[in-house]
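**Student:** Protein chains in written order, with this note's numbering: chain A, 12 to 663; chain B, 12 to 663; chain C, 12 to 663.
One or more hints might be untrue.
Unchecked claim - Capping the alpha-carbon separation at 25 Å, the derived lysine to any residue pairs in SDA-like fashion look like this:
hint, chain 1, residue 1, chain 2, residue 2
1, B, Lys631, A, Val566
2, B, Lys631, A, Ser538
3, A, Lys98, C, Ala202
4, A, Lys113, C, Ala191
5, C, Lys490, C, Pro557
6, C, Lys526, A, Pro384
7, B, Lys344, A, Thr528
8, A, Lys113, C, Ala107
9, B, Lys113, A, Arg172
10, A, Lys631, C, Arg129
11, C, Lys98, B, Glu206
12, A, Lys113, B, Ala107
13, A, Lys98, C, Lys631
14, B, Lys181, B, Val163
15, A, Lys98, C, Gly186
16, B, Lys344, A, Ala565
17, A, Lys631, C, Ile539
18, A, Lys344, C, Ile539
19, C, Lys113, B, Glu206
20, B, Lys113, B, Ala187
21, A, Lys490, A, Gly321
22, B, Lys631, B, Leu608
23, A, Lys526, A, Gly578
24, A, Lys490, A, Pro518
25, B, Lys490, B, Ala521
26, A, Lys631, A, Gly393
27, C, Lys113, B, Leu608
28, A, Lys98, C, Asn189
29, C, Lys344, C, Ser386
30, B, Lys631, B, Glu401
31, C, Lys631, B, Ile539
32, A, Lys113, C, Ile539
Hint data in this document are derived by calculation from the structure and do not stem from the laboratory.
Take a look at the letters that make up each chain.
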Amino acid sequence: MAFQKLGVCYYPEHWDEALWREDARRMRGLGISIVRIGEFAWSRLEPADGRYDFDWLARAIDVLHGAGLEVVLGTPTATPPKWLADKMPDMLPIDAQGRPRKFGSRRHYCFSHEGYARECDRIVSALAETFGAHPGVVAWQTDNEYGCHDTVESYSPAALRAFRDWCAAKYGTIGALNAAWGNVFWSMELASFDEIELPNLTVTEANPAHRLDFQRFSSDQVVAFNRRQADIIRRFSPGRTILHNFMGSFTAFDHYRLGAELDAAAWDSYPLGFLERGRHDDAFKLRYMRVGDPDYQAFHHDLYRNCGRGRWWVMEQQPGPVNWAPWNPAAAKGAVRMWTYEAFAAGAEVVSYFRWRQAPFAQEQMHAGLLRPDSQPAPGFGEVEQVAREIERLRLSGGADRADVALVFDYESAWAWGIEPQGQDFSYDELVYAFYCAVRRAGLSVDVVPPMAEAVANRRLVLAPGLFAASEDFVAALKTADIVLLGPRTGSKTFDFQIPAQLPPGPLRALVDLKVTRVESLRPGASIRAHGLPGAFERWREWVEPGPNAGVEAVAADGEPALLRQGGRYYLAGWPDEALLDALTSRICGEAELPNLALGPDLRIRDCGPLRYLFNYASKPRDISQLIEGAELRLGGSELEACGVAIYERPT
Amino acid sequence: MAFQKLGVCYYPEHWDEALWREDARRMRGLGISIVRIGEFAWSRLEPADGRYDFDWLARAIDVLHGAGLEVVLGTPTATPPKWLADKMPDMLPIDAQGRPRKFGSRRHYCFSHEGYARECDRIVSALAETFGAHPGVVAWQTDNEYGCHDTVESYSPAALRAFRDWCAAKYGTIGALNAAWGNVFWSMELASFDEIELPNLTVTEANPAHRLDFQRFSSDQVVAFNRRQADIIRRFSPGRTILHNFMGSFTAFDHYRLGAELDAAAWDSYPLGFLERGRHDDAFKLRYMRVGDPDYQAFHHDLYRNCGRGRWWVMEQQPGPVNWAPWNPAAAKGAVRMWTYEAFAAGAEVVSYFRWRQAPFAQEQMHAGLLRPDSQPAPGFGEVEQVAREIERLRLSGGADRADVALVFDYESAWAWGIEPQGQDFSYDELVYAFYCAVRRAGLSVDVVPPMAEAVANRRLVLAPGLFAASEDFVAALKTADIVLLGPRTGSKTFDFQIPAQLPPGPLRALVDLKVTRVESLRPGASIRAHGLPGAFERWREWVEPGPNAGVEAVAADGEPALLRQGGRYYLAGWPDEALLDALTSRICGEAELPNLALGPDLRIRDCGPLRYLFNYASKPRDISQLIEGAELRLGGSELEACGVAIYERPT
Amino acid sequence: MAFQKLGVCYYPEHWDEALWREDARRMRGLGISIVRIGEFAWSRLEPADGRYDFDWLARAIDVLHGAGLEVVLGTPTATPPKWLADKMPDMLPIDAQGRPRKFGSRRHYCFSHEGYARECDRIVSALAETFGAHPGVVAWQTDNEYGCHDTVESYSPAALRAFRDWCAAKYGTIGALNAAWGNVFWSMELASFDEIELPNLTVTEANPAHRLDFQRFSSDQVVAFNRRQADIIRRFSPGRTILHNFMGSFTAFDHYRLGAELDAAAWDSYPLGFLERGRHDDAFKLRYMRVGDPDYQAFHHDLYRNCGRGRWWVMEQQPGPVNWAPWNPAAAKGAVRMWTYEAFAAGAEVVSYFRWRQAPFAQEQMHAGLLRPDSQPAPGFGEVEQVAREIERLRLSGGADRADVALVFDYESAWAWGIEPQGQDFSYDELVYAFYCAVRRAGLSVDVVPPMAEAVANRRLVLAPGLFAASEDFVAALKTADIVLLGPRTGSKTFDFQIPAQLPPGPLRALVDLKVTRVESLRPGASIRAHGLPGAFERWREWVEPGPNAGVEAVAADGEPALLRQGGRYYLAGWPDEALLDALTSRICGEAELPNLALGPDLRIRDCGPLRYLFNYASKPRDISQLIEGAELRLGGSELEACGVAIYERPT
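Put together the whole structure using the sequences plus the hints.
**Tutor:** Listed below in structure tokens is the structure:
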């Protein structure tokens, strides 16, 4: 079994070649094993159309390899050079306002532009042919952060043509499309696929079914774009791990589908940047400004592990202040180390820091690296050094087990409720995340999974709040789980974005016998208190008629059913606030015979194989002796300092 | 005399024809008399250019008529089909940013596009010719919600050409236009009408006179567009009522002028949606989230009754949660019934609910109907049933009298102060509405009227705050009213959007002898307290020099005149807060020998002929025994429940 | 020596010629000496292409001159007429969204359009040739408020061509540009100057070096545009003062560089408008709503005096409510007079009011004048009359001395930190202004100066917070000052917008021996308290390593160096809050042997030659007897009323 490793992102093209050897030596000395290079270097790899210059890259790989480092080679397709953009100006993406998005930063390409895709085939083939068999190259990264800067959707002529073809392939006849979309409404009926438009710049909102299909199409275009590269790399560089570095809080394409065509998933984890840019209130942001949201990293680890079908990396780990959040504070002492262990606890094969040395120029000059621009160690350097020493001793091998708890997170549902929130603050991401935080506060380890049969079958507990539509085989698989919690809004649409003929929850009625007869969204300050339970519904509530096979497990203060039950299957008829969610989690965990450790706001736990990891996101030490019950710690002490990490082997 | 009736909006094209007969039977059973159909069905009526298919509509009308229902037929011009938009792509409106507003929702047409107008002539003629004499067709609705989604203004080449012609017709010579607009300022002088531009995308604000004329032109284009349809319908379907369904809080065209060419006005009343989307603060929105603003519906009833010169309908009455407000809560029990009676109290001929059955597809799938998507009764259904039973007994005939009180509400003033607020929160709508609420809190029934002589002549009390300009004959008519209250800003411009040569209030100085010598706008938190009266001016204050014929009735704390008077004419020199407004209303009502019932925030009254209606917008019951003074109630009890309605005959 | 004078802005073209003579007589009677005319009159001077009509202007000048008034003649290039915009439609500026900015207001021209520039040469030549030798013409104003309404930057084809040339001239080779910009990052490398794009509409942020050069270019285009006019006027109208009227809070071009080509600077001072539109909180805006920010006017006076190398005017002084702020309150009684003396105290040669008579038409009809639209005196009139009487007695001659204190304010730094704030509230303007207010609260008179050697050499105290880059000769000149305060962020970039190789403060390390090793930005609510001093860092903090020659003068609560010192040079390692800034100012003033009068929020002082002026911005009187220490007052009393002004001669 391979051990978990450390990596770093490096840009040899940014530095005098004279520095490379010393950089490589210092990386190795620090305990780095893996180096990602090349992903933005197209203008150096092909300075003019068809004129390749791969020599420098060959030398860089040799230097790194020679120093005992393994290389991840990135394809440079996120940054097409100027000569290419000038050669085919219509490769630029068009924004929703109809404006071309110009050259001058990155990601200036439309996923539907076949001409550009062919250029990518060409450069990726050349690179893979040249370096695919190099013994130092152990992995490939396709492109970089697909979709960053809102680039999944393009409203270009190329996208329009491709969308029409996509619709034709999906629906066969325009009549089928008209029926599926409900185009009789507002005379939106179309006579042929050539009449389809992109859903931007309409007078008022476009048809939600139209918008959802455009989102599906746009997602498919990303998947297809990636597939071309993966296929080429597999041909020329067999046996290497193919990855892509996904982002946090990003749902514009279906990461499961793209991940299914990779060997492993990866993501770029910036705890402080994401906290600052995220949706929490100011008090929360102040409290965690130097450590990050205690659950955010873990949520994504648990998601991307499942995107990679068990294999995943952190490709870019924040090492200090970044440059892109509204405010960019320094990390607390110990935070970089703690984040690294959070990833290892969730089974990461590699945690790779972004970047080796802070670049003193261009857009990211204020983004910290492990080294300062003057090559001296930045604060993150020392923490990485400590982790490297520790893991050499600990010999961690990762391999997170299938968790007892599965939380369904579905990209199509994020699109659906983004298109039709019905209440301004009905955010699918927030809803799922609220459930995630609740089970994590309970101390449970979770898999964040797609709404697919194999992902939920035979789990101890499955949570599927807000899942917009459910397939028959998914419903069947849910029946094999011990405990299932559905609602609110679960199953409230068909895949065609219509209300099910027999009302929500559609096919999920086979699990809990009920009908959602009406719903409402609630403005901030309005809530529906629970009866006999702490907490309330906020944002969203439903009126439910139980069928003969379901019982009312709890009611709201107004007497309406709030929690319905049929055997081990539950349906929750509203958006629970934190108090209600904790009460509910406690009840359901009991039912599923899962412990509820009630960890509170700052302490967190993750199990990985036989090991249990503990993390302290508080700014004060915490006594964990009761939690570990006398077990011998492999790392840390029973007084867990701020940003502290403890590891012990659970008695089996 | 005809009795007041209930109606419903129905879309036979959305449902299997097999359902129509049962739907019609259930409507009739519920107590519905009127059904509106057809207004979005162009793609079904003419699936391809020139290929009509009216048979299904004929069958639908027959089914409804056969069940004893009367039909309102809508012209489908709000939703031109795709083939039409493709045939003349320049029919699309152009937004203020210069972008075409694409097909894919509704209202994708420019009011100035002659080609589109001719297509409308054609389809309306065909429909009117086919169905105009059908015994089941009792009324026509032109188009649907003119101007919805900001569609009055279009910045298209067609609009530019038409605007140039409009200016030429209005001014005769370009010199006259230059003088009227003051184009010498900033060298904006034009040499010919062909040099006129639309007032969008200028470097900084365009000339306010230019903007006001563009607004007048845009309004006129809507009126002209409607006239073509009305003329055609009158020719082919004589004797039927021609209506249009206006909206709430919408001022982009002159509703009086359009209403003058209809047989009756109608509006679409969504109390909860409008409250959520409106300008009230969060506390107010929470308080009334399930019943709506207690004065909002009544204001529009009183406005549209006058738009329809006494004849008016509610064409779309909210029956439950809608889909388009920021949040969409359920209505309180009884609210749908209360809203219905509010409309009857204000003289509505018909209250028609939107819609019969919730559509499970497309943009409005979350908009409640009287039926759920599964054809079961939604909550509104039962309330309509109750109203239907009650009105069968009550035999209400409407026919609101001319009210003692007239409140002037002028579309041009709304445009003028929108163009030149001078203080960020100087909103004409809000100013007039504040006066409306004050007189309604006093228990008075009001006509909301245009600034026209016949509308104000011989009234007991006329209120005209913020009227930007006044014509000579309007001034003359005001002299025939007992009590008149002007100001702030009344008469402060000429119709050319200039400051009157002798300063404000221009020709209204003939009513109150004074000169407004200067003004200021006040940021939130700044106010000018009144002396000897409760309350203060906020937002706006004026310095006034009284002439020899006017007296100072009240002063501000700084000694400046605050309320001026000449006989029964008053001038108020600032924007009154609620306390000052109530004190002022009380004083003026006394002067006009009108009672002030001081109803407080939740109870409301409307008189209709001999009947007095009471409404309770509170969430608790209210004892109204003192108010009704022992009169015998025809509906309700002296303890008026939440959402309760009481009716009694006032002693004459 | 010339005495300080009053002026007024006048638009003869707006009024019947019959009014001119009486207007001139009244101006003279009021005490006005100078009249600015003509700057928006192109459509009257050249009603059609090539058809000049200068006669009316000649008559107007004669009338004014005949009444004993001196004329400032404006070039009309801010308002090209419609025929000219139609003749060359590509002269319109293009906004950052790619849209032409249309005719219909003012400033609708692109600074890079050579065709338009030639038209300006033509009209300016014709005017200068005609009126340049007129004895009544004593000065010229070029154009009007360059850059107003965000017009410095244009994204037009003309700008693109000119920017490419500018880059070629600056860098010589494209390789030099690639290196300077760091274009290797994200493959942004260019193969020729023809590949350069403008930095708008990029997918994400463009390269900061690219953006900074575009800002420099745009600024240079304004300077070059002005130079053409100044050259023409100097040729035809020798000996006249050439001015331009700058604005407040406007940094989009380098005012020092443009000012260097004028004879005197001028600015347009609107204390109430700027306060309302500015960044202060609501409480501050309410407190000063009728008098303006006590330091804002003075800051700009002290800036523009240095822009004009000692010679400067207020060209437009607010006389009452304006029309363009969010709210437009009336001025306090006495405020217009106080503002006038503030300008004289700072050495203004002329204070000229905008405008003589309020225009009753077009965009500025709500902008007060000295006269009402009906030609009666507005409130400002009386205050001007009082000032005129007083200065006739006082015989003030201005001539502000070089101040002991120089505060560096640099336009390039404003661009740099606008491009890369790194923390959302890191505003260079606010940072410099905070230091200005602190020294003004201490009672000191200040020069606001560019980062140039001669501006800082041999000063008693130089403050240079946030200066992004420093030249060698500027560093050398700083060594000749007694006391220098640098930081935060001073010297943190090279002029190429890169981090200095040896880290910040780059070449300024020659003054204070230290290295800034890392930085962070702090969200509101986060702060780093000082140890042993009141106050804290907020928004921004730095970690500093002192070298052997520097000492730590103060530390933060976490022990990190907060204030570093080497002899008389200080470096401050964060953004100080007001308390820390006052403590620091007190310490540094002591060091520099400058008094700290601790004036508090409302009282202000300015020294001008031998005279000391005192101003009371409070709404209550203030006893100043202690401050003046028995000196004899030439104006005012020792109880200084609200808006009061006192003047006395300091004992030498």
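**Student:** Honestly, which of those hints from before does the structure not fit?
**Tutor:** Violated: hints 10, 13, 20, 27 and 32.
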